[in-house]
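Produce the entire structure from the sequences given, and follow the hints as far as they go.
Everything in the sequence shown is counted per UniProt numbering, starting at 1 for the first residue and increasing by one.
Hint data in this document are derived by calculation from the structure and do not stem from the laboratory. It is possible that part of the hints are untrue.
Derived pair list, reagent style SDA-like, types lysine to any residue, alpha-carbon separation capped at 20 Å [as the list claims (entries may be wrong)]: (1) LYS53 <-> LEU385; (2) LYS531 <-> GLU381; (3) LYS259 <-> ILE342; (4) LYS391 <-> GLU381; (5) LYS537 <-> ARG419; (6) LYS386 <-> MET348; (7) LYS496 <-> GLU434; (8) LYS314 <-> LYS496; (9) LYS521 <-> ARG562; (10) LYS541 <-> GLU381; (11) LYS249 <-> ALA100; (12) LYS259 <-> ASN230; (13) LYS182 <-> GLY211; (14) LYS97 <-> MET276; (15) LYS224 <-> ASP248; (16) LYS80 <-> LEU320; (17) LYS53 <-> LEU356; (18) LYS224 <-> ILE187; (19) LYS354 <-> ILE336; (20) LYS446 <-> GLY554; (21) LYS259 <-> TYR222; (22) LYS53 <-> SER71; (23) LYS386 <-> ALA360; (24) LYS224 <-> ASP264; (25) LYS314 <-> GLU289; (26) LYS541 <-> ASN417; (27) LYS97 <-> ASN230; (28) LYS386 <-> GLN397; (29) LYS551 <-> ILE507; (30) LYS181 <-> TYR213; (31) LYS391 <-> THR368; (32) LYS170 <-> LYS182; (33) LYS182 <-> ARG172; (34) LYS314 <-> VAL78; (35) LYS391 <-> HIS369; (36) LYS80 <-> LYS314; (37) LYS541 <-> GLY518; (38) LYS80 <-> ALA325; (39) LYS354 <-> THR338; (40) LYS249 <-> TYR213.
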Amino acid sequence: MKRSPAEVLKTPKVLKASAAPNVSEAPPLSEAGNSSSSQPTVCRRRQQHLTLKRLILLLALSSATVTLLNSFYASYQVQKEQLIQHELDSNFAYATKLAATTNNFLRSAQQQLAYAAGELQYRMDDHNYLLRQADRLRLQTDSFNSVVITGADGTVLATSPNTLEIIGEKLRSEGAIEALKKQIPLISAPYISATGRLLVVISQPLFDRQGRYIGYIGGSLYLKERSILNDMLGTHYYEDGSYLYVVDKNQRLLYHPNKSRIGDVVTGNRVIRQVMSGNGGSLSVINSEGIEMLAGFAPVTISHWGIIAQRPLKATLASLNDVVAQVLYRSLPITIITFFTIWLLARMIARPLKQLADTARTMDQPQTHERLHRIRSWYFESGELKHAMEKGFSLLQQQIGQLRHAASTDPLTGVYNRRSLDIFLSQLQADHTEFTILALDIDHFKQVNDHFGHEAGDKALTSLTQKMSELSRDGDIIARTGGEEFVLVLPSTTQKQALTIAERLRISVAQMQINIVGSIKVSVGIASSRKNTYTPKQVLKQADQALYQAKHRGRNRCVVYREPSYEKSCTTEESRTSQAEHNTTEEA
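Shown next as C-alpha cells:
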C-alpha cells in the first residue's frame, strides 16, 4: 500500500523547533555529526534476579517468622521455667508431707514400745507373758516385722514371730550392741541382723522398779522385705520415672524402688548433703544414671533420715511439648493467612514500582507515555516517582525531538538537510511513488556575500526558503543541499507540471525585495524518476546536470533534463509560453 508524502515525513516544509521527521525515517542520532568508523560502546547491564517484590517478601516473611518463632520460644521458656519451678515445689511439698508422715509413724512406734516397756518391767520373769506382749506389738498395728525382748546382757528372752528361733541367744549385731550400750530410746542405723536380714530397729530400754537397766524391747523394720515403711513409701512410685528414696544420716539408702540398691551408701549427691544438714528444699540434679531430675527433699527429724522425691525433667516437660504442639497447630490457620496477606501486600506495593521500572527500560519508545499513564501508583512514593518519570519522559521526548530536528534540518533556514532528503527519497522509491526534483541555485550568490556581507546572504537564503514554502504544495519537500543550493521534491508530479511550478517559483523569487540585498535570481534544474526508471541518486544527479545547463546558458532560467541530451530551456519569454501551455493543459 502506497503512502502519501505527508505520511512519510509528518512535518511542515519549514520546520519549527518542535517538528521532526517520523521516528522510523529519522536518521540515527549517532549519525548527526561526522560519520566515524569507531563502533559505539555497548554497555551490558548485569541481570538482577533480586526484585523489590522478593525483597519485601523476604523482609516481611523473615520478620514475621522471627517474631513468631521468638514468641513461641519466649512462651516456651516462660512455661518451661514455670513447669520446672512448679514441679520442684510439688516435689518439695510431697517430700515434706512424707517426712512428716514418717516422723509421726516413728514417734507412734516409739510410743507403743514405751507403753509395752512400762508393762514389762513388772513381769520380766514370766516367759509366756513376754511372748504375748511381743505378739501383741507385732500384730496389733502391723507396725513391725518382728519384735525382740532381751535381757540386760543381750540374751533374747522372747520374739515374735517365734519362727526367728533365736530365743536364748545373745545378740551381737550393731543395733543390739548400741541399744545395750546407750540404754536410751533409739532408732538404729541399717544393719544385718542375726537372721541375715537388712533392717532398722526401733528400741526402748527396760528398767525395773529400782531403775536398774534390765534389757530392751525392739521392733524391727525389714528394708528389703514387705514392711509398713515400704508400703507407705512404695505406693507413691509413678510410671513416668518419678520415684522417691530415703537415706539415713550415714547417706545409706533405707528405701529405693530398686531394691538392689537398698543399703548402698550414696556419695557426691548434693541433695543428700542438703537434707542431711537438716535442710528442706528443691534442686535440679543428675542422678546416678545420668538423668536430669527435679528433686524435692525434706528431713525426718526424729530419725535423722532424709526423704527425696524426684521426677525426670523430660517427663515434666513432656506436657509442655504437647502444649506447644497444640499451640502451633491451632495458630497454623492464622499464620497461613498472615503470610498470604504479607505476600498480597508485597505484590501490591511492588507492582507499581516494577511497572515503572519496566517502563523506564523503554523510555525511547513513543507508546511509553501511554503505558506510564496507565500505571496505578496508589501510594505516595510510587506516585511521586511516576510523576517524576512522566516529567522526565516529556523532557526526554522534547530533547529527542530537538536532537532529531537538529539532525534532520538546516539550522539556518529550518528546511530539511541532505540526510533527511535521502530518507524521504528512499521512502518514495520504496513506495513506488513517481517524483520530480527541482534543483535551485541562487545566481551570483557569492557577490551578495561579498558586497553586502554574510548576514545579508543569510537573509537572502531564509527569504528564498520562505518563498519556496509559500509556493509549494502539501507533501512537497524542501531541502538545502549546499551553501546556496536547494532541492524541491514534488511527489506524483510530471515534468510538465514541475516545469510550471519551477517557472512560477523563479518568477516569484525574481520579484521579491529583500532588505539590503534587493532582488535575487535563481536557476532551476528539473529531473523526474519517470515511473521509477531512475534511482533517487540518479534523479538528483540529473537535476544537478540540468541546473548546470541553466547556469551555463545564462542563469535565471529553468532547464528540464532530457535523454540523451535533449533539453528544454526557457528565458522570460519562454516562461510565458510555458505558462500558457500549462494553463491550456489544466483547462483541457
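So, going through the hints one by one against the coordinates:
Taken as a hint, the LYS53 and LEU385 pair is honoured in the structure, with Cα atoms around 17 Å apart against an allowance of 20 Å. Restraint check for LYS531 and GLU381: not satisfied, since their Cα atoms lie roughly 60 Å apart, outside the 20 Å limit. Only pairs whose Cα atoms come within 20 Å are accepted, and LYS259 paired with ILE342 is rejected, the gap being roughly 62 Å. A distance of roughly 15 Å separates the Cα atoms of LYS391 and GLU381; the hinted pair therefore holds under the 20 Å criterion.
Distance hint between LYS537 and ARG419 is fulfilled; the C-alpha atoms sit about 12 Å from each other, no more than 20 Å. Annotation: proposed proximity of LYS386 to MET348 holds, straight-line Cα distance about 16 Å (limit 20 Å). Between LYS496 and GLU434, the direct Cα distance comes to roughly 14 Å. Compliance with the 20 Å bound is thereby established for this hinted pair. The suggested pairing of LYS314 with LYS496 is violated, with an alpha-carbon distance near 112 Å, which exceeds 20 Å.
The straight-line distance between the Cα atoms of LYS521 and ARG562 is roughly 24 Å, outside the 20 Å bound, and the hint therefore fails. With a C-alpha separation of about 60 Å, the suggested pair LYS541 and GLU381 falls outside the 20 Å cut-off, and the hint is violated. Restraint check: the Cα-Cα separation between LYS249 and ALA100 comes to about 17 Å, which is no more than 20 Å; the hinted pair holds. Our distance criterion of 20 Å between C-alpha atoms is met by LYS259 and ASN230, whose separation comes to about 10 Å.
At roughly 15 Å between alpha-carbon atoms, LYS182 and GLY211 fall within 20 Å of each other, so this suggested pair holds. Between LYS97 and MET276 the alpha-carbon distance is near 17 Å, which keeps this suggested pair within the 20 Å criterion. Our distance criterion of 20 Å between C-alpha atoms is met by LYS224 and ASP248, whose separation comes to about 15 Å. Distance hint between LYS80 and LEU320 is fulfilled; the C-alpha atoms sit about 7 Å from each other, no more than 20 Å.
Straight-line distance between C-alpha atoms of LYS53 and LEU356 comes to about 13 Å, which keeps the hinted pair within the 20 Å bound. Of the pairs offered as hints, the one joining LYS224 and ILE187 holds, with about 17 Å between alpha carbons and a cut-off of 20 Å not exceeded. Simply put, LYS354 and ILE336 have alpha-carbon atoms about 26 Å apart, too far for the 20 Å limit, and the pair is violated. For the proposed pair LYS446 and GLY554, the alpha carbon gap of about 16 Å is at most 20 Å, so the pair holds.
Under the criterion of a C-alpha separation no larger than 20 Å, the hint pairing LYS259 with TYR222 is consistent with the structure, at around 12 Å. As the CA atoms of LYS53 and SER71 are separated by approximately 26 Å, the hinted pair breaks the 20 Å bound. Our distance criterion of 20 Å between C-alpha atoms is met by LYS386 and ALA360, whose separation comes to about 10 Å. Taking the CA atoms of LYS224 and ASP264, the gap is near 12 Å; set against the 20 Å cutoff, the hint holds.
For the hint pairing LYS314 with GLU289, the CA-to-CA distance comes to about 14 Å; that is within 20 Å, so the pair holds. Of the pairs offered as hints, the one joining LYS541 and ASN417 holds, with about 17 Å between alpha carbons and a cut-off of 20 Å not exceeded. For the given pair, LYS97 sits about 16 Å from ASN230 by alpha-carbon distance, which is consistent with the 20 Å threshold. At roughly 16 Å between alpha-carbon atoms, LYS386 and GLN397 fall within 20 Å of each other, so this suggested pair holds.
A threshold of 20 Å between alpha carbons decides the hint, and for LYS551 with ILE507 the separation of about 16 Å falls inside it, so the pair holds. Straight-line distance between C-alpha atoms of LYS181 and TYR213 comes to about 11 Å, which keeps the hinted pair within the 20 Å bound. Restraint check: the Cα-Cα separation between LYS391 and THR368 comes to about 12 Å, which is no more than 20 Å; the hinted pair holds. Between LYS170 and LYS182 the alpha-carbon distance is near 17 Å, which keeps this suggested pair within the 20 Å criterion.
For a cut-off of 20 Å, the pair hint linking LYS182 to ARG172 stands: about 15 Å separates their Cα positions. Between LYS314 and VAL78 the alpha-carbon distance is near 16 Å, which keeps this suggested pair within the 20 Å criterion. For the hint pairing LYS391 with HIS369, the CA-to-CA distance comes to about 10 Å; that is within 20 Å, so the pair holds. In summary, the hint linking LYS80 to LYS314 is supported, as the alpha carbons are separated by about 11 Å, within the 20 Å threshold.
As the CA atoms of LYS541 and GLY518 are separated by approximately 31 Å, the hinted pair breaks the 20 Å bound. The hinted pair formed by LYS80 and ALA325 meets the criterion: a straight-line CA distance of about 14 Å does not exceed 20 Å. Restraint check for LYS354 and THR338: not satisfied, since their Cα atoms lie roughly 24 Å apart, outside the 20 Å limit. A threshold of 20 Å between alpha carbons decides the hint, and for LYS249 with TYR213 the separation of about 28 Å lies outside it, so the pair is violated.
Comparing the model with each earlier hint shows violations of hints 2, 3, 8, 9, 10, 19, 22, 37, 39 and 40; every other hint is respected.
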